[in-house]
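What follows is each chain in one-letter form.
2 protein chains.
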Amino acid sequence: MMMSDGAGRKDVVLLAHGGGGLMTRKLIEEVILGELENPILKRMDDAACISIAETELAMTTDSYVIDPVFFPGGDIGYLAVCGTVNDLAMQGAEPRFLSLALIIEEGFRIDDLKRIIGSVGKAARSSGVSIVTGDTKVIERSRRYGGPDAALSAMAGGQAGGEWRAGEPGIFLNTTGIGARLAGVDVSVTNAKPGDVIIITGTMGDHGMAIMNTREGLKLSSDLASDVQPLWSLIKPVLDAVPDIHCMRDPTRGGVAAAVCDIARSSGVCIRLSEKSLPVKPEVLGSCSILGLDPLNVANEGKAILVCAEKDLVVVLEILRAHPAGRESCAIGKVIDAPGGMVLLETTAGGERIVDVPTGEDLPRIC
Amino acid sequence: MMMSDGAGRKDVVLLAHGGGGLMTRKLIEEVILGELENPILKRMDDAACISIAETELAMTTDSYVIDPVFFPGGDIGYLAVCGTVNDLAMQGAEPRFLSLALIIEEGFRIDDLKRIIGSVGKAARSSGVSIVTGDTKVIERSRRYGGPDAALSAMAGGQAGGEWRAGEPGIFLNTTGIGARLAGVDVSVTNAKPGDVIIITGTMGDHGMAIMNTREGLKLSSDLASDVQPLWSLIKPVLDAVPDIHCMRDPTRGGVAAAVCDIARSSGVCIRLSEKSLPVKPEVLGSCSILGLDPLNVANEGKAILVCAEKDLVVVLEILRAHPAGRESCAIGKVIDAPGGMVLLETTAGGERIVDVPTGEDLPRIC
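Protein chains in written order, with this note's numbering: chain A, 85 to 451; chain B, 85 to 451.
Possibly wrong hints are sitting among the right ones.
It does not matter which identical chain is meant; a pair holds if it fits inside one copy or across any two.
[What the hints assert, rightly or not] Derived lysine-lysine pairs resembling DSSO-like cross-links, with alpha carbons at most 30 Å apart: (1) K303 with K206; (2) K206 with K277; (3) K277 with K418; (4) K395 with K110; (5) K303 with K418; (6) K360 with K320; (7) K110 with K320; (8) K418 with K198; (9) K360 with K303; (10) K110 with K94; (11) K277 with K303.
Treat the hints as calculated values from the structure; they're not laboratory data.
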């Protein structure tokens with residue numbers, strides 16, 4: 085019944101759009117190519133021909149399954165480009181080329197798809213990357229979250245866009261990126277050394293709390309917005325001035341705790357964070373306390389953790405703070421000479437506790 | 085109810101496996117790294133560091149949503165590597181590096197995941213590529229196909245692997261590939277010229293009919309198996325001997341018809357295929373007639389269409405036929421001097437009809 089109802093609709097994605105035939109071509113030409121226009125993508129060959137003068141490259145892939153797809157501060161399209169570009173940046177690589185693969189549930193509104201692709205284009209332009217190759221698949225309608233009734237009414241309803249609707253058809257994006265590594269830079273999570281300082285480029289937990297607030301309809305604060313943003317233009321001047329940055333990591337899933345624990349473990353060092361130095365917006369802190377969450381574990385999508393020698397701290401902070409994405413950069417801890425692999429938090433109360441990697445996650449489908 | 089039932093199970097993938105914490109690391113270390121082992125992947129940085137001496141590269145991406153994930157002749161893992169490697173090969177590029185991104189529905193059996201990753205590893209080794217970077221996401225259980233009851237019983241049941249089970253948790257793979265383009269080769273779907281010959285490297289429709297037979301439980305023939313296989317080792321010697329191959333395309337979704345129509349349209353030429361030259365296995369032809377399908381429209385996953393000058397035909401066929409994957413290679417048509425963009429089929433009955441790109445698709449989720 086749902087299928088016969090949906091089959092004739094022109095405003096939603098249909099299974100036939102994923103068949104590789106005329107309807108696939110029409111969808112790509114009308115919804116995707118215009119927004120992402122570039123000469124390589126336009127050829128629509130099975131593989132894109134790209135030229136990179138450098139031989140030392142970085143490659144990274146991420147799928148985005150975030151729910152809801154639209155949220156304060158961004159959407160799944162903007163997130164998918166920023167996330168992948170930021171993973172390249174964290175490796176000291178200038179983002180160059182991206183692929184974009186869509187898996188769309190039938191019934192997904194074409195207007196929403198256009199909006200997402202628009203965000204992909206905007207994020208790509210502001211990150212200096214080209215989307216050079218892509219793929220579109222359509223899968224049968226599932227009934228995630230809502231039961232059949234919720235799915236049917238959502239399908240038939242055509243509610244206004246922009247807010248989260250349980251039981252709606254979903255979309256997954258994959259972006260895979262290629263970047264050119266800066267010569268003379270060797271950042272790796274294995275490079276932290278005793279005496280190094282830990283820097284964060286801004287406040288913690290904005291993305292995760294914005295998603296949770298939207299998804300659960302908590303209305304905890306109207307000011308919660310995701311920090312999703314591309315980071316290469318923030319990071320590049322730092323690497324140009326201080327090629328000897330030891331580690332970089334963007335604290336996404338698992339938050340700052342997961343990123344810092346990963347550095348401590350991979351480098352075999354002990355890290356001590358200072359709770360009073362950790363930057364958190366009051367509205368994030370407030371929402372976290374209500375929900376019993378630790379901002380250290382909440383995801384970010386526009387922040388970086390940097391580890392460098394203490395002698396470089398002043399210049400690194402100066403460069404970071406000169407960029408709009410890094411104004412609130414600050415040192416949050418040190419690598420100390422103690423048994424390796426552990427992260428300690430000096431609490432505001434004057435105590436000390438161990439910071440752990442979360443086992444599972446507080447909030448599924450955060451990115 | 086389903087969740088509390090599943091939460092403690094050790095034999096299925098749980099939402100927490102996608103959280104980016106300890107359980108994600110454990111899943112990756114225990115199920116994935118061993119099969120795909122290589123020094124780059126093992127570093128588990130956010131982006132992989134790769135070196136490519138060549139500067140002219142090819143990049144391609146594909147998501148795989150095939151249902152069922154296991155089928156005669158292969159599975160989604162083998163398909164995901166072959167499909168991406170073949171898209172690079174069709175651009176005259178030697179496959180080098182692949183990314184692998186998994187989107188898994190909670191409740192998916194870990195044994196099935198192991199089997200799929202095993203196939204990814206096998207296909208990567210036989211194609212000469214390394215999987216250098218990856219991503220794992222877990223999404224909530226949907227109730228695709230079956231209603232809630234089917235989903236629940238499938239979740240609780242733990243039926244024997246290897247056959248298709250409606251309403252089971254699913255998995256999607258994305259593979260993105262980087263290859264190095266052979267110097268002096270310029271294949272493109274825009275390069276076909278009047279007088280050129282059209283070659284296919286084997287029989288048509290094996291993949292699509294194998295999937296349909298399995299999925300619908302048709303039991304049309306026990307001999308139907310997918311042709312999924314990597315093609316670079318077949319294609320490279322041809323390009324080495326005849327760099328002037330004009331076009332290559334693997335006839336996947338939409339079959340040979342879609343591939344040849346695409347070449348005709350993109351090159352602005354007219355192509356005439358000869359029905360009596362088209363190689364089709366008797367069991368595929370038989371199943372197609374029963375279902376009213378045209379083998380020209382049925383997907384392949386281990387075949388290529390090549391277009392070259394007539395003077396090169398003999399040597400190209402000789403090289404193709406010397407390879408196990410190309411034994412049944414043959415010429416199936418010609419580019420003729422006639423109004424452009426059209427594909428004609430000379431029928432066995434002596435008539436002529438227009439071959440069209442399918443509008444939607446006969447069979448969803450074929451790859």
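We went through each hint and held it up to the structure:
{"no.": "1", "hint": "K303 with K206", "verdict": "within (29 Å within a copy, 50 Å between copies)"}
{"no.": "2", "hint": "K206 with K277", "verdict": "neither (38 Å within a copy, 39 Å between copies)"}
{"no.": "3", "hint": "K277 with K418", "verdict": "within (10 Å within a copy, 66 Å between copies)"}
{"no.": "4", "hint": "K395 with K110", "verdict": "neither (57 Å within a copy, 37 Å between copies)"}
{"no.": "5", "hint": "K303 with K418", "verdict": "neither (37 Å within a copy, 66 Å between copies)"}
{"no.": "6", "hint": "K360 with K320", "verdict": "within (29 Å within a copy, 61 Å between copies)"}
{"no.": "7", "hint": "K110 with K320", "verdict": "neither (39 Å within a copy, 33 Å between copies)"}
{"no.": "8", "hint": "K418 with K198", "verdict": "neither (45 Å within a copy, 40 Å between copies)"}
{"no.": "9", "hint": "K360 with K303", "verdict": "within (27 Å within a copy, 68 Å between copies)"}
{"no.": "10", "hint": "K110 with K94", "verdict": "within (12 Å within a copy, 45 Å between copies)"}
{"no.": "11", "hint": "K277 with K303", "verdict": "neither (43 Å within a copy, 64 Å between copies)"}
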